[in-house]
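> Based on the hints, put chain A in the right spot on chain G.
The listed protein sequences derive, respectively, from chains G and A. Note that my numbering has the first sequence beginning at 1, numbered continuously upward. Note that my numbering has the second sequence beginning at 168, numbered continuously upward.
Keep in mind the hints are simulated off the structure, nothing from the lab. Incorrect hints may have been included.
Stated by the list, open to error - In silico contact screen, one side only, chain G against chain A (beta carbon under 7 Å); selected entries:
{"no.": "1", "residue": "Val28"}
{"no.": "2", "residue": "Leu45"}
{"no.": "3", "residue": "Phe49"}
{"no.": "4", "residue": "Gly86"}
{"no.": "5", "residue": "Leu95"}
Virtual Cβ for every residue (Gly too), placed ideally from N, Cα, C.
The lines below spell out each chain.
Protein chains: 2
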Amino acid sequence: MRVLGIDPGTVITGWGVVESKGSGFRHVAHGSIRTSAEASLPDRLGCIFSGVSAVIREHQPEVASVEEIFVSINVQSALKLGHARGTAIVAANALGLPIFEYTALQIKQAVVGFGRAEKQQVQAMVKMLLSLSALPQQDAADALAGALCHLQRASGVAALLARQEAR
Amino acid sequence: MRVLGIDPGTVITGWGVVESKGSGFRHVAHGSIRTSAEASLPDRLGCIFSGVSAVIREHQPEVASVEEIFVSINVQSALKLGHARGTAIVAANALGLPIFEYTALQIKQAVVGFGRAEKQQVQAMVKMLLSLSALPQQDAADALAGALCHLQRASGVAALLARQEAR
Chain G
1 MRVLGIDPGT VITGWGVVES KGSGFRHVAH GSIRTSAEAS LPDRLGCIFS
51 GVSAVIREHQ PEVASVEEIF VSINVQSALK LGHARGTAIV AANALGLPIF
101 EYTALQIKQA VVGFGRAEKQ QVQAMVKMLL SLSALPQQDA ADALAGALCH
151 LQRASGVAAL LARQEAR
Chain A
168 MRVLGIDPGT VITGWGVVES KGSGFRHVAH GSIRTSAEAS LPDRLGCIFS
218 GVSAVIREHQ PEVASVEEIF VSINVQSALK LGHARGTAIV AANALGLPIF
268 EYTALQIKQA VVGFGRAEKQ QVQAMVKMLL SLSALPQQDA ADALAGALCH
318 LQRASGVAAL LARQEAR
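Chain G extracted, bound-state conformation:
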């Protein structure tokens, strides 16, 4: 299974593609979609939409994983972030990808082992788990962590189902 993780933002949208390989994982690609600081909101969303679409067309993931947002940001930031997140989701949905949502707690727990991990710990663990030569940029690392979280949960469910069938 090949998973696209997305960490949406109006300025930087991180993305990462990971696939399962035997009982482990393989890094496929990662990067970030940066919108121009001078661009209007519609143009920024257009940039996120076409950026996410291009990543899906190039790397052909089967599912997408997007972080759920519960942070106590203010109303205007939430509205802004909602625009970017909605755009990323609708781009994946338009290309037929099922979308799974995980909380930051679930993602950190999957990658670092505990939910209160720092951003830097997530970056370091993602680098190690995927045998990357360099530390991925923060938004891309979060996106890769989201993809890994889905793979772990999906393989967990697959293992459960296999065990149940074996009974």
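Just chain A now, with coordinates in the frame of chain G:
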């Protein structure tokens, strides 16, 4: 000029198309895009995206007008609304429409004459200004009001430019 007004929401997205006719306006069409209460967020956004795209393809507006949001809703509602609003904007942007944003104050002032007008007053004025036979549903009325606001402002600017050129 033909303007599409959009009043986005995750449950109901109102839309209305109005065009200028001489020094007045003409109602073209209006309606609302309703998403299923049982649908997932990605499917709801997909429904808004394809609904707005279909309206644009059918009625061929040249610009879109979307209300800016400043209301003191809570963070989770703002995030939700942001998803719907971002989706509507990116659909219009994908089909090449320039997008204008107006505050509720500007829209009410344009349609009713004062910024603190009630929702019902907006509905009644939209019905009257566009000679509709029935009161439009609230979200569609807000969308039509947004379109009218843009037409009034655009014709105001056009009149100013014409006067300046005549000097």
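> State for each hint whether it applies.
Hint check results:
1. The beta carbon of valine 28 (chain G) is not positioned within 7 Å of any beta carbon in chain A (closest approach about 22 Å), and the interface hint is therefore violated.
2. For leucine 45 (chain G), the interface hint holds, the least distance from its beta-carbon to any beta-carbon of chain A being 4 Å, beneath 7 Å.
3. At a threshold of 7 Å, the smallest CB-CB gap from phenylalanine 49 (chain G) to chain A is about 5 Å, leaving the interface hint in force.
4. This hint holds: glycine 86 (chain G) has a C-beta 3 Å from the nearest C-beta of chain A, less than the 7 Å allowed.
5. Hint status for leucine 95 (chain G) relative to chain A: violated, with the closest Cβ pair at about 11 Å, above 7 Å.
Taken one by one, the earlier hints fail for this structure at numbers 1, 5, listed in ascending order.
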